[in-house]
Amino acid sequence: MLDKDEVKEAIVNVARHIFSRFGFKKTTMDEIAVASRKGKSSIYYYFSSKEDIFRAVVEKEASILKHDLVKATKDAGSPSQKLKIHVLVRMRSMEKLANFYSAIKDDYLSHLDFIDNIRKKYDHEEIQMMESILTEGVENGMFEIEDTSLAAIAIVTALKGMEIPLFWDVEEKDIERRLDHLIHILFNGILKH
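Numbering-wise (my numbering), the sequence shown opens with residue 69 and increments by one.
Please keep in mind that the hints were generated in silico from the structure rather than gathered at the bench.
Don't take every hint at face value.
What the hints assert, rightly or not - Here are the simulated DSS-like cross-link-like pairs (lysine-lysine), alpha carbons at most 27 Å apart as the crow flies:
id, residue 1, residue 2
1, K189, K164
2, K118, K106
3, K118, K72
Unchecked claim - Here are the simulated distance ranges between beta carbons:
id, residue 1, residue 2, range
4, T225, G107, 26 to 36 Å
5, S116, K93, 17 to 27 Å
6, K76, I213, 42 to 52 Å
7, E204, T225, 48 to 58 Å
8, Y113, I258, 18 to 28 Å
Ideal Cβ positions, reconstructed from N, Cα and C, are used throughout, including at glycine.
Use the sequences and the hints to build the structure in full.
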């Protein structure tokens with residue numbers, strides 16, 4: 069028999085697929101209960117509302133993204149390699165983590181109190197990760213950046229702005245090419261040297 073945490077985890081995993089397929093508004097507790105093979109009252113035993121389940125789903129996906137970014141950049145050699153891997157993993161993960169992505173992007177979810185907190189926490193963590201990579205690059209003499217904090221904010225902001233155009237109706241090989249081009253501009257700029 070599963071313990072309480074395992075049951076909650078199973079419900080969250082099922083709910084991830086339902087929310088990503090139908091969105092927050094159209095998903096019902098009934099659908100989550102049926103897909104989880106649990107009674108609706110059992111779902112309410114573990115989660116007080118649909119919003120509560122969605123929060124758990126979004127937090128799980130945020131945790132997956134953070135774990136993937138840390139794992140991918142940990143073993144990368146140089147700071148430039150870490151930066152490239154960070155950008156690639158981040159942009160690819162956004163496609164796969166539909167609920168987290170909609171939580172940080174969609175204004176219609178702003179009425180949920182926890183969404184703003186998740187957005188702020190994620191932004192803060194991503195900027196810290198980026199700043200850490202940039203600082204390492206400056207210390208190694210690889211990057212020439214006056215203010216790594218400001219540069220980290222600028223890079224993260226640029227990446228956010230490119231999420232939708234980068235993946236909108238594009239084949240996998242084109243995504244790779246676009247990401248390589250983005251990283252080239254990030255490293256080399258647009259000025260003629």
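Quick rundown of the hints versus the structure:
| no. | hint | result |
| --- | --- | --- |
| 1 | K189 x K164 | holds (20 Å) |
| 2 | K118 x K106 | holds (15 Å) |
| 3 | K118 x K72 | holds (18 Å) |
| 4 | T225 x G107: 26 to 36 Å | violated (45 Å) |
| 5 | S116 x K93: 17 to 27 Å | holds (19 Å) |
| 6 | K76 x I213: 42 to 52 Å | holds (43 Å) |
| 7 | E204 x T225: 48 to 58 Å | violated (21 Å) |
| 8 | Y113 x I258: 18 to 28 Å | violated (57 Å) |
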